[in-house]
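Asker: Residue strings, one per chain:
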Amino acid sequence: MSAAKNININLKIWRQKNANSKGSMETYKLDNVSTASSFLEMLDQLNEQLINEKKEPVAFDHDCREGICGMCSLYINGRAHGPDTGITTCQLHMRMFKDGDTIYIEPWRSKAFPVIKDLVVDRSAFDRIQQAGGFVSVNTSGNTIDANSIPVPKVDADKAFEAAACIGCGACVATCKNGSAMLFVGAKVSQYALLPQGKVEATQRVLNMVRQMDEEGFGNCTNTGACEIECPKGISLENIARMNREYLKASLK
Amino acid sequence: MKLDSKIPAGPLKDKWTNHKNHLKLVAPNNRPKIDIIVVGTGLAGASAAASLGEMGYNVKAFCFQDSPRRAHSIAAQGGINAAKNYQNDGDSVYRLFYDTIKGGDYRAREANVHRLAEVSGNIIDQCVAQGVPFAREYGGMLDNRSFGGTQVQRTFYAAGQTGQQLLLGAYSALSRQIGLGRVQMYNRHEMLELVKVDGKARGIIARNLITGEIERHSAHAVVIASGGYGNVYFLSTNAMGSNVTAGWKIHKQGALFANPCYVQIHPTCIPVHGTNQSKLTLMSESLRNSGRIWVPKKKEDAEAIRAGKLKPTQIAEEDRDYYLERRYPAFGNLVPRDVASRAAKERCDAGYGIEANDTNEGVYLDFSTEIQTKGRQTAYAKGNHNPTAEEITALGKQWLEEKYGNLFTMYQKITDENPYETPMKIYPAVHYTMGGVWVDYNLQSTIPGCFVAGEANFSDHGANRLGASALMQGLADGYFVLPYTISNYLADEIRTGKISTESPEFVEAESRVKDSISKFLNNNGTKSVDYFHKKLGNIMWNKVGMGRNEKGLTEAVAEIAQLKEDFYKDVYVPGSADELNPELEKALRVADFIELGQLMAMDALQRKESCGGHFREEYQDAEGETLRDDENFKFVGAWEYKGDDISKEELHKEELKYEEIKIAARNYK
Numbered sequence: 001m002s003a004a005k006n007i008n009i010n011l012k013i014w015r016q017k018n019a020n021s022k023g024s025m026e027t028y029k030l031d032n033v034s035t036a037s038s039f040l041e042m043l044d045q046l047n048e049q050l051i052n053e054k055k056e057p058v059a060f061d062h063d064c065r066e067g068i069c070g071m072c073s074l075y076i077n078g079r080a081h082g083p084d085t086g087i088t089t090c091q092l093h094m095r096m097f098k099d100g101d102t103i104y105i106e107p108w109r110s111k112a113f114p115v116i117k118d119l120v121v122d123r124s125a126f127d128r129i130q131q132a133g134g135f136v137s138v139n140t141s142g143n144t145i146d147a148n149s150i151p152v153p154k155v156d157a158d159k160a161f162e163a164a165a166c167i168g169c170g171a172c173v174a175t176c177k178n179g180s181a182m183l184f185v186g187a188k189v190s191q192y193a194l195l196p197q198g199k200v201e202a203t204q205r206v207l208n209m210v211r212q213m214d215e216e217g218f219g220n221c222t223n224t225g226a227c228e229i230e231c232p233k234g235i236s237l238e239n240i241a242r243m244n245r246e247y248l249k250a251s252l253k
Numbered sequence: 001m002k003l004d005s006k007i008p009a010g011p012l013k014d015k016w017t018n019h020k021n022h023l024k025l026v027a028p029n030n031r032p033k034i035d036i037i038v039v040g041t042g043l044a045g046a047s048a049a050a051s052l053g054e055m056g057y058n059v060k061a062f063c064f065q066d067s068p069r070r071a072h073s074i075a076a077q078g079g080i081n082a083a084k085n086y087q088n089d090g091d092s093v094y095r096l097f098y099d100t101i102k103g104g105d106y107r108a109r110e111a112n113v114h115r116l117a118e119v120s121g122n123i124i125d126q127c128v129a130q131g132v133p134f135a136r137e138y139g140g141m142l143d144n145r146s147f148g149g150t151q152v153q154r155t156f157y158a159a160g161q162t163g164q165q166l167l168l169g170a171y172s173a174l175s176r177q178i179g180l181g182r183v184q185m186y187n188r189h190e191m192l193e194l195v196k197v198d199g200k201a202r203g204i205i206a207r208n209l210i211t212g213e214i215e216r217h218s219a220h221a222v223v224i225a226s227g228g229y230g231n232v233y234f235l236s237t238n239a240m241g242s243n244v245t246a247g248w249k250i251h252k253q254g255a256l257f258a259n260p261c262y263v264q265i266h267p268t269c270i271p272v273h274g275t276n277q278s279k280l281t282l283m284s285e286s287l288r289n290s291g292r293i294w295v296p297k298k299k300e301d302a303e304a305i306r307a308g309k310l311k312p313t314q315i316a317e318e319d320r321d322y323y324l325e326r327r328y329p330a331f332g333n334l335v336p337r338d339v340a341s342r343a344a345k346e347r348c349d350a351g352y353g354i355e356a357n358d359t360n361e362g363v364y365l366d367f368s369t370e371i372q373t374k375g376r377q378t379a380y381a382k383g384n385h386n387p388t389a390e391e392i393t394a395l396g397k398q399w400l401e402e403k404y405g406n407l408f409t410m411y412q413k414i415t416d417e418n419p420y421e422t423p424m425k426i427y428p429a430v431h432y433t434m435g436g437v438w439v440d441y442n443l444q445s446t447i448p449g450c451f452v453a454g455e456a457n458f459s460d461h462g463a464n465r466l467g468a469s470a471l472m473q474g475l476a477d478g479y480f481v482l483p484y485t486i487s488n489y490l491a492d493e494i495r496t497g498k499i500s501t502e503s504p505e506f507v508e509a510e511s512r513v514k515d516s517i518s519k520f521l522n523n524n525g526t527k528s529v530d531y532f533h534k535k536l537g538n539i540m541w542n543k544v545g546m547g548r549n550e551k552g553l554t555e556a557v558a559e560i561a562q563l564k565e566d567f568y569k570d571v572y573v574p575g576s577a578d579e580l581n582p583e584l585e586k587a588l589r590v591a592d593f594i595e596l597g598q599l600m601a602m603d604a605l606q607r608k609e610s611c612g613g614h615f616r617e618e619y620q621d622a623e624g625e626t627l628r629d630d631e632n633f634k635f636v637g638a639w640e641y642k643g644d645d646i647s648k649e650e651l652h653k654e655e656l657k658y659e660e661i662k663i664a665a666r667n668y669k
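Going line by line, the protein sequences match chains A and B.
Residue 125 in our numbering sits at position 125 of the first sequence; the count goes up by one each step and never skips.
Residue 301 in our numbering sits at position 301 of the second sequence; the count goes up by one each step and never skips.
Because the hints were derived from the structure by calculation, they are not lab data.
The hints are all genuine.
Listed below are the simulated DSS-like cross-link pairs for lysine-lysine, each with C-alpha atoms no more than 25 Å apart in a straight line:
#: 1; chain 1: B; residue 1: Lys-252; chain 2: B; residue 2: Lys-519
#: 2; chain 1: B; residue 1: Lys-634; chain 2: B; residue 2: Lys-2
#: 3; chain 1: A; residue 1: Lys-55; chain 2: B; residue 2: Lys-534
#: 4; chain 1: A; residue 1: Lys-54; chain 2: B; residue 2: Lys-534
#: 5; chain 1: B; residue 1: Lys-514; chain 2: A; residue 2: Lys-55
#: 6; chain 1: A; residue 1: Lys-154; chain 2: B; residue 2: Lys-84
#: 7; chain 1: B; residue 1: Lys-403; chain 2: A; residue 2: Lys-154
Generate coordinates for the entire structure from the input sequences, incorporating the hints supplied.
Answerer: Written out as structure tokens, the structure is:
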């Protein structure tokens, strides 16, 4: 491990009391931040300082802090999940910053993700898209056929897994100039399109999920590819192409 | 109070089948008359809510996260066990049952564990049918690997993200039920109280975490599936929001809390980096299939490494102490988690730790042997029988990347070190809690109508949980056990009708919640919630951690009681009640952690033996292995709440009977 040291930083953070109030950037100074800390640990440190000063701490979403739950968000210096690639904000470490740096922290900004407070946004639109068709309709009885009676070619299984690895964090939406959710929806559609279990309902699934996506107010895809670049899980644009093919097929039926 | 485990009569292998055949049913046309509340939507809660919704009950599901997809089950990495014997290595329901009982150091209930092994196969069938993309072999069949504590390959996996894929499977089943209107989902809601009417669980009080509104929800039965309580230690591998509140509230309402001292310390976590550390990250146990664990043989080498004067790659093979392979030749690096954790602590306590911090706590997990072995194999498989050293290393690294790529990347992102080039540093950390709310065979707590599933109950793992067993238990409880046992209870409720939330019981429960909230907000103290949580964690880790002794535990009980007093006197909670207020959420949770922490110390103190995750330093053999006392401690210790003073809790004992398995000392040599 490169030796940890302490740095002093300046923070510009979006503060907004609730969905209905107007927000603004506020400035904070934070000293003695260990470069071994994670970005969220730095925010913990700031909040501890604010609480000690009897000021209200900054609200931000976080939970597992190991890059898998998808709860953390944050637009850092103009990038979803900050300056490193292939990671979530909880995996970003302060060694990426220098002594004296000014760091801008904002919430995900998208019409479909309204701000709840400070840096916390409402991503329940993703849940509603999933509820519209992101599943295989199988009874939860356990009385299904033996698992090995559905052979899946390794290549297909691996591809389905790569699509299924999406953590639903919303970085794709946040970074897209159109606020499009195509990468998220494409990943889900692809997972099932690639597996034999999902084939029976493929037509209805893609039509329903795309309809719900549009209803939620996400923008369209113009193939700029920013989503793929900022996706912490490396979900490929290929999934959007596959969803488009599935959608076309379904529409022609 | 008399504990009745309600274990069905008859031969062990027929108990569950016979029991199911005789449980009462609720006819499909009657199910819509019945409401069920499910608290928590991880593997156990999501699978239960989906299954109960599918059956036709009205289900209300609650989670504190913004979506059920975020539950901490998502972070489980390695895999899920099932007795399928796809690998033809002699696995069977009996062997999975046996390994689990032995792994739990003979402190689990035989009948529950056997049922778990029986339904394990169905879980895999169910998940595959749902489209969970498990790892496959080239022929299209499912792939398996092995985990600690077993000698067969029974673990199904999806790279290092098995928990994620299984949770997303359960979440998809749940989403389908939400879409169909059979499950109402309450995201960003926290259960803060259980409501009992005439002694039965009849609802909950929940707080909408966005608006702060206190809501009353009634039901004919309540399922608690809120996970484990490892965050009592502050630092653990649990998600930051994981808490014991739902379980602790029902405890205060009369549900017994069992074996709270059984905490699993996981051997392969990334060591602590410093004082600002907020949580710990686990590296999957599956890495122990390929990694060899060692520390330097010579103390001066360990010192030189800590001082930055030597690199681990400069230590010659003969100067490395592969202490697990040395002490446990039969299982080697795959000994169960409690054994591996204690062995690491033993080496670090003896001065061989390699981490350059004030604790020196760290050992190596080294993949260099595996790189050579697998690199050579791959070369041969490609027809290259004279590979160069460079070719072997490159192919070996490629093999590792395919198998564990995401874990290696994660390690590098956190530590800034490349584990393909230099060994990983690991150290044990709090991971999973085997204790939990006491439940009978039907997963019902001592409160009628209040069921507890998954990590939140105590039932299946005894004193230690084997790898890849948590996911199995969560899904077994939710998909395949609760739907039967809860229906048996609800069969008597079809004439009850809608339960009013206007009764005095609901009013009282709501005012209790509102009181505690306003007490915190008006406390006017000087210290943050985290300040107290860290203090608690410190006491717990040092005195109720990997090794415990009478003196430390006695001190811990007193220190935690004092901490509780200080907490209520001096905690400062900013903000107000009618908004998103994370500090208030934390304060309510930490209040429960403090009380539970004291109970954990009390439980550890009364258990004068060593077993599984509970290691009492006074009870060990000449070689430092655990010394159980089956004569006096072959019981589940279940605590009954007796009011505000936790030291007044009363211990009840459920004797454990072993009919099928001959109890023996656990031996992994």
